[in-house]
Amino acid sequence: MVMRPRPLSPHLQVYRLQWTMVLSITHRMTGVGLAFGAVLLVWWLIALAAGPEYFALVQRYLGSWIGRLLLLGCTWAAFYHLCNGIRHLCWDAGWGLELPAARNSGAVVVVFSVFLTLVAWAIAYGARGG
Amino acid sequence: MSQRSPLARARGLGPAHGGTHHWWAQRITAIALAPLVFWFAFSLASLGAVEHATAAAWFRSPVNAVLALLLIAALFHHMQLGLQVVIEDYVHATGRKYVLLLAVKLATAILGIAAALSVLRLALVM
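From first to last, the protein sequence lines are chains L and R. According to the numbering used here, the residues represented by the first sequence are 1 to 130, in order. According to the numbering used here, the residues represented by the second sequence are 1 to 126, in order.
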């Protein structure tokens with residue numbers, strides 16, 4: 001059943017951008033991004049199970065500047081999606097649905113996700129010394 | 001136009017024949033993932049060493065192996081459910097939609113099984 005393209009009422013062109021909207025689509029984008037990140041995780045696990053030589057190769061790729069950039073992005077995406085996910089679960093329970101509360105919890109999510117990312121990376125660099 | 005009453009259609013658990021199962025599964029995997037991801041992220045970060053031996057040894061601990069397997073199960077199920085919703089939102093051509101949905105189900109299953117097998121291999125080294 002092929003559908004003729006139906007007309008859509010304007011949305012992005014007319015609505016003023018709100019933080020709640022931005023955080024919501026970011027939640028979706030981090031989710032999809034993390035799906036790709038999960039492929040990386042599986043690659044790493046397979047390499048680990050495969051043995052030292054292949055693992056060293058994968059570690060080299062992930063340790064390159066572009067690999068690290070990717071991992072940094074994945075780390076932040078994971079923490080953001082996690083924190084915002086908890087925010088969603090609170091909404092499912094009925095808490096924090098009022099607009100001021102939603103805006104505040106949104107700010108907490110953004111700040112906390114950045115903070116967690118920095119902490120995780122600080123630990124990682126500390127543990128290996130570079 | 002179906003002659004079934006609205007009640008009968010709803011009793012078939014809604015148009016997707018799943019009722020609220022998807023919604024609950026998404027929330028339950030999310031609740032499981034919250035502590036598991038925290039644990040895994042910070043465990044991985046504090047692992048530090050880039051060598052194979054250290055990382056492999058970490059998975060030999062039964063606690064780590066079990067938690068890792070739980071993480072993998074919850075993660076790939078949650079991922080499949082999430083991607084399903086995204087596809088349903090943006091892809092409307094029926095053929096394309098179902099192919100994508102099946103592809104995602106297959107891909108997440110393959111990834112999940114591959115990940116679990118890797119963890120098991122590492123954990124069961126005697």
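In case anyone wonders, no lab produced these hints; they're calculated from the structure. Some hints here could point you the wrong way.
To be verified - Pairwise CB distance ranges (calculated):
#1 L:Arg16 x R:Ala93: 29 to 39 angstroms
#2 L:Val14 x R:Glu51: 48 to 58 angstroms
#3 R:Pro62 x L:Leu69: 43 to 53 angstroms
#4 L:Ala107 x R:Val86: 35 to 45 angstroms
#5 L:Phe112 x R:Pro62: 50 to 60 angstroms
#6 R:Pro62 x L:Arg6: 32 to 42 angstroms
What the hints assert, rightly or not - Derived list of chain R stretches under chain L, where covered just means 3 residues or more per stretch with a C-beta under 8 angstroms from a C-beta of chain L:
#7 24–34
#8 39–47
#9 50–62
#10 97–103
#11 106–116
From a predicted model like this one, the values you see are computed outputs, not experimental measurements. Even for Gly, the Cβ is constructed at its ideal location relative to N, Cα and C.
Now for the hints, and whether the structure bears them out:
1. L:Arg16 x R:Ala93: 29 to 39 angstroms: holds, 32 angstroms
2. L:Val14 x R:Glu51: 48 to 58 angstroms: The hint (48 to 58 angstroms, Cβ to Cβ) holds, given that valine 14 of chain L and glutamate 51 of chain R are roughly 56 angstroms apart.
3. R:Pro62 x L:Leu69: 43 to 53 angstroms: violated, 35 angstroms
4. L:Ala107 x R:Val86: 35 to 45 angstroms: violated, 26 angstroms
5. L:Phe112 x R:Pro62: 50 to 60 angstroms: violated, 32 angstroms
6. R:Pro62 x L:Arg6: 32 to 42 angstroms: violated, 55 angstroms
7. 24–34: Satisfied; 5 residues make the cut.
8. 39–47: holds (count 6)
9. 50–62: holds (count 7)
10. 97–103: That given contact is violated, which follows from only 0 residues of the region 97–103 of chain R lying within Cβ reach (below 8 angstroms) of chain L.
11. 106–116: holds (count 3)
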